[in-house]
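S.K.: Take a look at the letters that make up each chain.
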Amino acid sequence: MKRRTFLRTVGAGGVAGLAGCAGGSGGGGSTSTTESATTQTQTGTTTGMAGGTPELVVATYGAFVDAPSTSPGPWIKETFESEFDATLTFATPDSEINYFIERALQGVEIDADAYVGLNVDMLIRIDDRLDDGLFADVGDVDGRGEVKDGLNFDPQGRIVPYDTSYVSLVYNETMSDDGTFTAPETFDGLLDSEYEGDLLAQNPTGSSTGKSFLLHTIKAKGPDGYLDYWQELQNNDVRVLSDWSSSYTAYSNEEAPMVVSYSTDQVYANREDQDLAKHQIRFLNDQGYAYPEGMSVFRNADNPDLAEQFLEFMLRPEVQGEIAQRNVAFPATTTAELPDDFAEYAQAPPEAVTFTYDALRDNVSEWTQAWERQFASN
Amino acid sequence: MRATLRDHASRAVDRIRAVAGLVESHALALGALATALVLVGVFYYPVATVFVDAIVVDGRPTIEPLVSVLTSRFYLVEIFGFTAYQAFLSTVASVALGLPGAWVLARFEFPGRETLRSLTILPFVMPSIMVAIGFVATFGQNGTLNAVLRALGLPTIELLFTLPAIVVAHAFYNAPLVARVTTAAWESVDASAIETARSLGASPVRAFRDVVLPQLLPAVAVGATLTFVFTFASFPIVLALGGFQLATVEVFIYSRIQNLAYAEAAALAVVETVISLSLTYLYLRYEGRQRAAGQGARPQPRRSLWPESVTSRELGTRLAIVGYAVVVLAVFVVPIASMILTSLTGPQGELSLRHYRFLVERQQTGAAYQVRPLPAIENSLVFGAGTLLVGVPMGVLMAVLTTRDFRGRALVDALSMAPLAVSGIVVGLGLLRGLVFGIEVFGTRITATGAVAIVAAHAVGAYPFVTRNVAPLLGNLDPRLIESARSLGASRVRALLDIELPLVAAGVVAGAAFAFAISIGEFDSTVVLAEGSTSYTMPVAVERYLGRRLGPATAMGCLLLGVTSLSFVVIERFGGRYGRGGF
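As given, the protein sequences belong to chains A and B, one line each in that order. Quick note on numbering: the numbering used here labels position 119 of the first sequence as 119, and the sequence is numbered without any gaps. Quick note on numbering: the numbering used here labels position 16 of the second sequence as 16, and the sequence is numbered without any gaps.
Hints are supplied without guarantee of correctness; some may be wrong.
As the list claims (entries may be wrong) - Part of the chain A face toward chain B, derived, beta carbon under 10 Å:
| id | residue |
| --- | --- |
| 1 | Pro74 |
| 2 | Leu105 |
| 3 | Asp121 |
| 4 | Ser246 |
Simulated from the structure, these hints should not be mistaken for laboratory data. In this text, all values refer to a predicted model and were calculated from it rather than measured experimentally. Ideal placement from N, C-alpha and C gives every residue a C-beta, glycine not left out.
Given the sequences, and given the hints that come with them, work out the whole structure.
M.R.: See the structure below:
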């Protein structure tokens, strides 16, 4: 049973190279590792054992466990392990959920129990490509009833939201001659010539802020109007860069006074005692585009019961509060325990908007590709 | 008794000699086989698992994905057309910026010349994130360049988010490549040939045109070809400094793969590869015709950078060098210095070591699933050394094989250059499918990940540089040298090791430098093949430390620059003994 050697190596650290390495020959490119492919028979909870303690493998994105500022991963691992007789192992494949979709497409077994960091785009990709999906129905986990209305993005209840962000504009008041730059209040306002070259946005493919902003324009202008709107936005010199990081770099260097980002921006700015005038939030049309993140249990998880307990753990009021603060996002439940000053810097929009799973599943590829073609043609 | 023992011993020795002789006489064939196995295992097979999606959809062969790309005006004109256009401009800029550098490095003597030549490889290892940060700080509206222009009372420039920004960034990466290969060629020019030309009455300009230029052109051509191929497949830097309106084909391959639209992604990548390989093929045909220019035993003496006499000609030359130094300062030195400054800047803009303290802290308290700086440095160096051990022999071997004359030589040669011409995103997906998931044989899944697989993947990406540095020099060797060695009883390998390699040592060392740099800077296949955070390298750490503040990532980036610079200065000391030129 070496099926989980790779992931255990990540958890245990130190162990260099895989067990079972046959010596490479001929230039050293052909070291092979054999793994038993007959694991289907062993579906009990005893398979994922590391030294007698059950092992829970949680796959997630890198920043959830390894961000330079704060990330919730280490706290979650420590707290979970102190209460449950289990070892929590994080796996952070670089291609995130696509790594597991690929495994399923190629007929290779899934080597994790739970995934943390799912969004509606990922879910649509899974459902489009895999007839049986990737995740189990976890509708009845404790605490699910506490999740705020509107955050549940999976109509089939396989995904449980654990936090949410709102995508908004962040702007820099000091970037005008008299120090009173103000972002426009509406999408139409962005087209004014006074804001020419003032907005930094991101590629919708590969950046959640970029994708959310594009969808927000579709929400505001309609599927028939958003391309015309973007044409005018492009005429007004909007900059669409590769990802959030490169656009925020340019924003921090005051290349432009507005950037598409998260409405929790001031939490970071406050932590680092930065000038809040350079971190003002604007909800266009008084709306913020909701970006909930969810978690679930893989259908063929080795430790499905433990994985469900982990989901319940993540929804507890005190854990929800910690995740929100450490991931700098809003909790998913109504019962989260948060310090009083949390709302002072983490701004929620007057109205949260989003598209439903069904609307996106039918349209999101077309909308995005049409946008790509138009924007790259100019 | 003793006699029998001795008999046994001598028979054993004979047998060992016989085996050794057998190995030696077949060494080239064995080496070729090993190289072929590595190439198939970590390149051709993995890439094929992706490319097949362009011609097989739902289990049925089809040409539909390729036809739909090739008949799309959008893809042909807006994407491939624009991609080729920006690659062409980038190539021109890289050559224009690289050639004066080669001239200064090859023809002038000044303190620190060799160290400077070693450090020209640094841009090669810079993660694109770092280049983007350095460029925004240098060329932005509020960047260093505009601050200087303002102080001088000159009009400011808007470079960011335009095509010129991309072109300059590409020149940042590739001008050093052009400079290095041209420097090596310039240093190989035989001084006596020039003296002969001069004594026969040729003017200096004429002597340069007739003697020096023909030997430089192949080097410039290889630098230009590689630059075009690289910039044709450029990806992160285009969107970070240009923006989506300047999207290249690689942007669309990434987008389609992200959305699991494999048929379209594969079709785009196939067309991209065919274009790059066709260009490489044309270059190789040209390189094949440039044989027998003869290699100099005696290089030209270098001039002092400080003018020896005060003539208008001497002064004009020095003025040109000063002008060039200013451009180099703006394009290379200031962006790197900006990056270092960013790593030393705190949240209120004050000077601070906090980001370096973060690295120390992460090293001390980081969990096993987090990326720690020291293991990243160690991995980078180990993989770099492994790449040298595997990639340099592969490259030399390929150079030996492809400098022989046989039908289809240029085609085989072009295919061996394929690792440079295939989209890095496609290679990454292919390695995931081909090596990480592996193949099932008799109910057992064969996979290959971890250090050995990473080194093999790096070697595949690196060996073409060795080949391209060595092959032209090998082609120039007088074939009679080898023939006489063989007729005196030397095996083919003996002749290669004793006769040819010492004569082309400069090319081997130059290729080795590139191989090491490729390994240090590699990202795409490393993250795919890594077994979790314990096998991550420095560029991966840079990416992982990127957050809202740029400090931690740039601090790691500076560590990457420091470790790489030190490595190259150290290798230079050793390499310098082995072959002149090169590093």
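S.K.: Against the structure, test the hints numbered earlier, and report the numbers of the ones violated in rising order.
M.R.: none
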